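Novice: Since the structure of chain P is provided, determine the placement of chains S and X on it from the hints.
Protein chains in written order, with the working numbering: chain P, 1 to 404; chain S, 1 to 395; chain X, 1 to 311.
To be clear, the hints were calculated from the coordinates, so they are not data collected in a lab. Since this is a predicted model, take the numbers as computed values, not measurements. All C-beta atoms in this analysis are idealised placements derived from N, C-alpha and C, irrespective of residue type, glycine included. Careful, some of the hints might be misleading.
To be verified - Label pairs and their in silico Cβ distance ranges:
#, chain 1, residue 1, chain 2, residue 2, range
1, S, 153, X, 220, 27 to 37 Å
2, P, 163, X, 295, 54 to 64 Å
3, P, 320, X, 293, 50 to 60 Å
Said to hold, decoys possible - In silico lysine-lysine, DSS-like type, Cα no more than 27 Å apart, as pairs:
#, chain 1, residue 1, chain 2, residue 2
4, P, 336, P, 107
5, S, 109, X, 197
6, S, 273, S, 121
7, X, 105, S, 106
8, S, 121, S, 173
9, S, 49, X, 197
10, X, 197, S, 10
11, P, 38, P, 287
12, S, 10, X, 105
13, X, 105, S, 49
14, P, 287, P, 212
15, S, 49, S, 10
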Amino acid sequence: MKYTLTSALLASAMAFGAAAPAFAEVTLTMWHNHPEWKDRAQAILDAFEEAHPDITIELEEIAGTNYSARLNTALAAGEAPDLFGLPAGPETLAAAEAGYALELTDKLDTSSLRDAAADAIDQNGQVWGVPILGTYSVGLYYHRNIFEDLGMTPPATQAEFLEMCASMKDQGVTPLIVPASDGIVPSFMYMMMTASVLGVDGFAALRRGERKFTDPDLLEAAHFLQDIGDCMQPGALSTPYVEGKALAALGQGAMMPGGSADYAGYQEINPDVDLGVVPFPAVGDNKPATVTGLEYIYLVNSQTEYPDAATTFLQWMMGDQAQQMVVDTITMTTNKNVVPAENRILEEFIEASRSNDMRVFYELPETGNVWSVAQQNTAALFLGEMTPEAFAEAIQAAVEPSGN
Amino acid sequence: MATVSLRNLKKSYAGAAQPALSDLSIEIADGEFLVLVGPSGCGKSTALKMIGGLEDITSGEVLIGDQVVNDFASRDRDIAMVFQSYALYPHMSVFDNIAFPLQIAKVGKEEIARRVQEVAKTLQLEPYLQRRPGNLSGGQRQRVAMGRAIIRRPSVFLMDEPLSNLDAKLRVKMRAEVAQIQRQLAVTTIYVTHDQVEAMTMGDRVALMRDGVLQQVASPDEIYHDPANTFVAAFIGSPAMNLFYGTLLRDAGGIKVKLGDATLTVPDAALAKYNLVRDHAMTDIIVGLRPEDLEDAALQPDHPVDQVFEAQVALVESLGSDHMAHVALSAPAVAVEDDVDNLEEVSMTGDIQGRCICRFSSQSKARKGDVARVAVACERLHFFDPKTGRALRDT
Amino acid sequence: MTQATLPKPPSQFSLRYGHLWFVLPGFLFFLAVMLLPLAFAFGVSMTNWSGLGNDLSFVGLANYAEILTYYPFYRAAFHNAVIFIAILIFQHTIGLYLAVLLNEKPRFMQFYRTVLFLPVIMSLVATGFVWTLMLSPNIGLVNPMLEAIGLGFLAGQWLSQPGTALAVIVFVTAWNSMGWSIIIYLSGLQNVPEELKQAAAMDGANTRQIFWRVVFPQLSPAFTALTVLTFIGTFRTFDVVYVLTGPLGAPNFGTDVLGTLIYRTAFGGSSFSSAEIRFAFGVAMALLMMVVMAAICWGLIRILRSREIEG
Chain P
1 MKYTLTSALL ASAMAFGAAA PAFAEVTLTM WHNHPEWKDR AQAILDAFEE AHPDITIELE
61 EIAGTNYSAR LNTALAAGEA PDLFGLPAGP ETLAAAEAGY ALELTDKLDT SSLRDAAADA
121 IDQNGQVWGV PILGTYSVGL YYHRNIFEDL GMTPPATQAE FLEMCASMKD QGVTPLIVPA
181 SDGIVPSFMY MMMTASVLGV DGFAALRRGE RKFTDPDLLE AAHFLQDIGD CMQPGALSTP
241 YVEGKALAAL GQGAMMPGGS ADYAGYQEIN PDVDLGVVPF PAVGDNKPAT VTGLEYIYLV
301 NSQTEYPDAA TTFLQWMMGD QAQQMVVDTI TMTTNKNVVP AENRILEEFI EASRSNDMRV
361 FYELPETGNV WSVAQQNTAA LFLGEMTPEA FAEAIQAAVE PSGN
Chain S
1 MATVSLRNLK KSYAGAAQPA LSDLSIEIAD GEFLVLVGPS GCGKSTALKM IGGLEDITSG
61 EVLIGDQVVN DFASRDRDIA MVFQSYALYP HMSVFDNIAF PLQIAKVGKE EIARRVQEVA
121 KTLQLEPYLQ RRPGNLSGGQ RQRVAMGRAI IRRPSVFLMD EPLSNLDAKL RVKMRAEVAQ
181 IQRQLAVTTI YVTHDQVEAM TMGDRVALMR DGVLQQVASP DEIYHDPANT FVAAFIGSPA
241 MNLFYGTLLR DAGGIKVKLG DATLTVPDAA LAKYNLVRDH AMTDIIVGLR PEDLEDAALQ
301 PDHPVDQVFE AQVALVESLG SDHMAHVALS APAVAVEDDV DNLEEVSMTG DIQGRCICRF
361 SSQSKARKGD VARVAVACER LHFFDPKTGR ALRDT
Chain X
1 MTQATLPKPP SQFSLRYGHL WFVLPGFLFF LAVMLLPLAF AFGVSMTNWS GLGNDLSFVG
61 LANYAEILTY YPFYRAAFHN AVIFIAILIF QHTIGLYLAV LLNEKPRFMQ FYRTVLFLPV
121 IMSLVATGFV WTLMLSPNIG LVNPMLEAIG LGFLAGQWLS QPGTALAVIV FVTAWNSMGW
181 SIIIYLSGLQ NVPEELKQAA AMDGANTRQI FWRVVFPQLS PAFTALTVLT FIGTFRTFDV
241 VYVLTGPLGA PNFGTDVLGT LIYRTAFGGS SFSSAEIRFA FGVAMALLMM VVMAAICWGL
301 IRILRSREIE G
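Same shape as in the complex, but just chain P (with noise of 0.2 Å):
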């Protein structure tokens, strides 16, 4: 009963709004999972609101730990917002399924989109989130001066990684700065290095189960990630997110993996920091790899009140207006019209990634739970708890290829 009269009373709003040549100061709710970019953020957001003076985009930001905690629960409950954030791919995918997702294909222009990004957000024809923060590439971050203070230059393979993990040792510098404690970037670590050895075709071949982790060059891969541990600096099991960081923007280690949309935030640390790119170190002989995902993409919530403005909200952030705010400030963009300004780091990420680049695991059907499985094994591999083996019949395990 109570239901019926809120849906009556809802379509009759709507109702209204269609009719009504603008919108009535419509507030739109937003979660985004970067704090440390809000300001970024909210000045693209302040830019929007200047152009549709109608409509008022509220963002909170929730840090990552907690982030889809909030989200899944809220979502549950009804009580997500009216735009949220969620990776490309499987969990979009799932969330569109669950119902809590408004259907956007035909509904937006994505022309503007690059053929990745447009590739990534499509799940069997269907489009229901699209990349309005950009898209970032991982590599290898490193400190320009403590190199040249070494008289080195970056490392493009394990063996002079290794190498040079020792030397650095040796000379009292802390050659690899992770924070380990959350699992999420030696899993990234072991992305680059899996990339490396697969490249575009071979990961195409892995989810097809063609290949598999526990290939002996594949195998390779998860013996480096074990001798890397050695390299990281001291408590790196329990280091968490932003002390690593912080860490790292300090330079008290000499390199650190990191994604292009990481630089801002080294740059607020420590404004002087000076930083190079480089793809990560190659497994083996073969070439040094990066990985590339989107930013998460953003979803229009089933519920919400304002299903138009919020279309009119994703379709302007995908324009060329927002998307160059987005390269200029925060992290690589998804819109091919979009050339970014005077940007090193980003050119270096472009360059990096030419060696070759591979998509993130989760973003894909078959290796979606590859991800969690990996990101609660690596830190038993540090400690030796688990062999390289164990660890990738273990990721093996996780894979569902489509060839299934």
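Specialist: Here is chains S and X on its own, set in the frame of chain P:
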């Protein structure tokens, strides 16, 4: 068994203007039952705790036997104490409570059992030995506390108002029991109370204290009949002694005392007892009259006429056996200054129109509003110095 | 006989049960905020609901059966048990000792008491964060301090060694909860009548005998309360672990407790994948934990109460 000597005991607390106890000296004989009595805050409990080693001694000495025990811990003084709250160990059975001192002294198990049985028999506690104190009545708890004190056969018992938590009836019964046990065991006992009835009925001697100063130590009879000063006079006895300012006159008929309008002849017997009275002729003094020494003259036709005064009856309270007649005397009553607490007997007005309480026989026909003739047993009059309050006799 | 009792006056029922009306408001509140959610949770625990969407089916007690052989559950419960035992020992020794010292009314007692109680009222999340910073091998104070006072051999990577990480959790929890044990014991000590101690002194007991034979037994209600509270507190601990070693109970689940395990299972521990989220399974673990804890608490209280003084 031992004597206890208190020599110039003094206790002062930091920040207090007056010492809690000053210059207390009492010799207590072996086996004697001494009662320390006085209003609250008079220092009696402090004195007891100093003897027990629960309070530091500021100066002076405590001797048990021949031994100065000032620096001895409580447990080395060979004393036992019964507390007002009984201080029974709530987690132990009655048996263990009584046995506790022996267990601490590492006495053998069988010996303990035997002695607890013995004490329990004396105190009629045998059926309750396995109970916890929480399941006992007040009287039973009191007896357990006694049992714990006597089982060790100490040289000295200290009792701190042990009966004050009992109801009136039980208190009367236990009073007799405690006194009897003490006589049986013949252990030197120092007993603190604020109840003058306990003091009078139980003690061999009574030590009356006020504001940390000892007023008088004497047998109950002596302290009643020969009070050393107005405070003792007013404190002991219920209703309290009537105290009035009067003037001593001397004429041919001998020494007379003038109380307002009334004049009473002081017989030789009184003059013999209060031998300093003669020196105070023609001066103001304090006269004390015990209520029981004042009778309705109508019932005593033979009473000498010069030992009678007339006064208006303000109030008559019948106790059945006696009629307490409050008569108005046109002499100023003496106010004994003290923090009197619940001892309303001590408080008196300074009015010219003093109230005098007379214990008339129940045969008396005097009623409120009557003018009664009051026969005074003048040989039992008491005389005190109005300045010092001391009794007018050599001590 | 029956006939005589049949025509009962109508007030008989209300005489016997009328008082229940007074309990009703409280009961309704309890029903709304405790019993109904519990019943709902129990219902959820018998499904395979992941927490997302409406896709669920009834699985009976399958979740509970799975817990019985679910290794992470036992691992987490074991860590809780270790924390419980360690905190229990700590509170009944150090806590009691400090309470006894405070009960001697030392100078500046108010100050000491406040300082010792302060951690209790501070947010565990905030203090936990401060501890993480202090213990960090890179930027922390603790290691340099140990080295400065010649205890450099004790310095270490506290939180990243499985052997010491749990000890750090215990330490921080102990530091944080010490105030409780002190306050509870102190109130127990202050309830012991002075005369009881004086009586024992008179009876020949020395200071140690007075404490152990007379004072300590009076503290058994405090002992019971503290033990039960500690049990409940340590088995539902979450914040310290979450802040110090993260939702995964780093390193390698060495500090994973039931709280973090249930949180991870029901809500997810990763920002990139909710693949491992099993809400219903998490609820089942939480409910099982509640039932087991309630049973243990009941047993604890029964055992400890029987030792207390009646009356």
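Novice: A separate judgement is required for each hint: does it hold in the structure or not?
Specialist: Do the hints match the structure? See the list:
1. 153(S) with 220(X): 27 to 37 Å: holds (33 Å)
2. 163(P) with 295(X): 54 to 64 Å: With Cβ atoms ~59 Å apart, the hint holds.
3. 320(P) with 293(X): 50 to 60 Å: At roughly 59 Å between Cβ atoms, residue 293(X) and residue 320(P) fall inside 50 to 60 Å, so the hint holds.
4. 336(P) with 107(P): holds (20 Å)
5. 109(S) with 197(X): holds (24 Å)
6. 273(S) with 121(S): Not OK: residue 273(S) and residue 121(S) at ~49 Å, beyond 27 Å, violated.
7. 105(X) with 106(S): violated (32 Å)
8. 121(S) with 173(S): Cα-Cα ~18 Å, so holds.
9. 49(S) with 197(X): holds (13 Å)
10. 197(X) with 10(S): holds (24 Å)
11. 38(P) with 287(P): violated (36 Å)
12. 10(S) with 105(X): Given that 27 Å is the threshold and the Cα spacing comes to 26 Å, the pair holds.
13. 105(X) with 49(S): holds (21 Å)
14. 287(P) with 212(P): Given pair residue 287(P), residue 212(P) holds - Cα atoms ~19 Å apart, limit 27 Å.
15. 49(S) with 10(S): Holds, because 12 Å separates the two Cα atoms, which is no more than 27 Å.
Consistency note: the structure conflicts with the earlier hints numbered 6, 7, 11.
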